[in-house]
Amino acid sequence: MSSLVSGHLGALTHTGLPAALIICIAVGCYFIGNINPAILIGKAYGVDVKREGSGNAGMTNAMRTIGKRAGVLTFIIDVAKGLFPTLIVGHVAGMSFGMLCGILVAVGHIWPVVYGLSGGKGVSTCFGVVLAFDARLALILIALVLLWAFVTKRVSAGTLIACACAVPIAYFLDPMDVLPTLIIIALVVIGHRGNIVRLLKGTEPKMSFGNRDS
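Residue numbering for the sequence shown follows my numbering, beginning at 1 and increasing consecutively.
Careful: at least some of the hints might be erroneous.
Per label pair, the in silico range of CB-to-CB distance [what the hints assert, rightly or not]: (1) Tyr45 x Val167: 34 to 40 Å; (2) Cys165 x Ile23: 17 to 23 Å; (3) Leu117 x Pro18: 40 to 46 Å.
With a straight-line cut-off of 25 Å between C-alpha atoms, the simulated BS3-like cross-links for lysine-lysine are [what the hints assert, rightly or not]: (4) Lys43 x Lys68; (5) Lys50 x Lys68; (6) Lys201 x Lys43; (7) Lys153 x Lys68; (8) Lys153 x Lys206; (9) Lys153 x Lys50; (10) Lys153 x Lys201; (11) Lys206 x Lys50; (12) Lys68 x Lys201.
No lab work stands behind these hints, which were simulated from the structure alone.
Backbone N, C-alpha and C define an ideal beta-carbon position, used for all residues, glycine too.
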């Protein structure tokens, strides 16, 4: 693990960009994460997703409280938030810095200063980040989420099972993916701490999105 850390740190010190620009890019990526489509789409429909359903500002609750189209649009935007900053910064300054910026986008999504540090759980955004640095890993993880969400009828359970498998899969595919994957998984697990408590108690609700389609 120490060699992986030193490898990424070494890459970060050779971005070829001025320190001031690096700081501006990092801060900008955090604020990109603050853009929350579930909240914005909810406002357009007159729905406060922070007060309806589970209270989470993410895809699942947008789908539950606003409708399927809103949930799909939320997912697409949240994935794009993680995908494109990671890809663009990675292309310009190296993928290690791109990964860091993607992680900062996820941090900004989960703890957005513009919404009082209360955002979504970061699953879709983190998926976008992983998709940017290893599409194979991202597709395997999303398949695990969908499979176990279907089996358990709980998206949170599918997500956490995928999290448990993520680091070994990352190591098998590319050891350099392990550190960013570990950080991303930690963010997702922290965002799901309430779900973990409910799963252990057997009180986590099953998937139910009603009949809304708009």
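Each hint, compared with the structure:
1. Between Tyr45 and Val167 the beta carbon distance is about 38 Å. The supplied range of 34 to 40 Å therefore holds.
2. Taking the beta carbon of each, Cys165 and Ile23 are about 35 Å apart, not inside 17 to 23 Å as hinted.
3. Distance hint check: the CB atoms of Leu117 and Pro18 are about 30 Å apart, inconsistent with the given range 40 to 46 Å.
4. For the hint pairing Lys43 with Lys68, the CA-to-CA distance comes to about 16 Å; that is within 25 Å, so the pair holds.
5. Between Lys50 and Lys68, the direct Cα distance comes to roughly 17 Å. Compliance with the 25 Å bound is thereby established for this hinted pair.
6. The straight-line distance between the Cα atoms of Lys201 and Lys43 is roughly 33 Å, outside the 25 Å bound, and the hint therefore fails.
7. Of the pairs offered as hints, the one joining Lys153 and Lys68 holds, with about 17 Å between alpha carbons and a cut-off of 25 Å not exceeded.
8. A threshold of 25 Å between alpha carbons decides the hint, and for Lys153 with Lys206 the separation of about 5 Å falls inside it, so the pair holds.
9. For the hint pairing Lys153 with Lys50, the CA-to-CA distance comes to about 23 Å; that is within 25 Å, so the pair holds.
10. Among the hinted pairs, Lys153 with Lys201 is consistent with the structure: their alpha-carbon atoms are about 16 Å apart, no more than 25 Å.
11. Taking the CA atoms of Lys206 and Lys50, the gap is near 19 Å; set against the 25 Å cutoff, the hint holds.
12. A threshold of 25 Å between alpha carbons decides the hint, and for Lys68 with Lys201 the separation of about 29 Å lies outside it, so the pair is violated.
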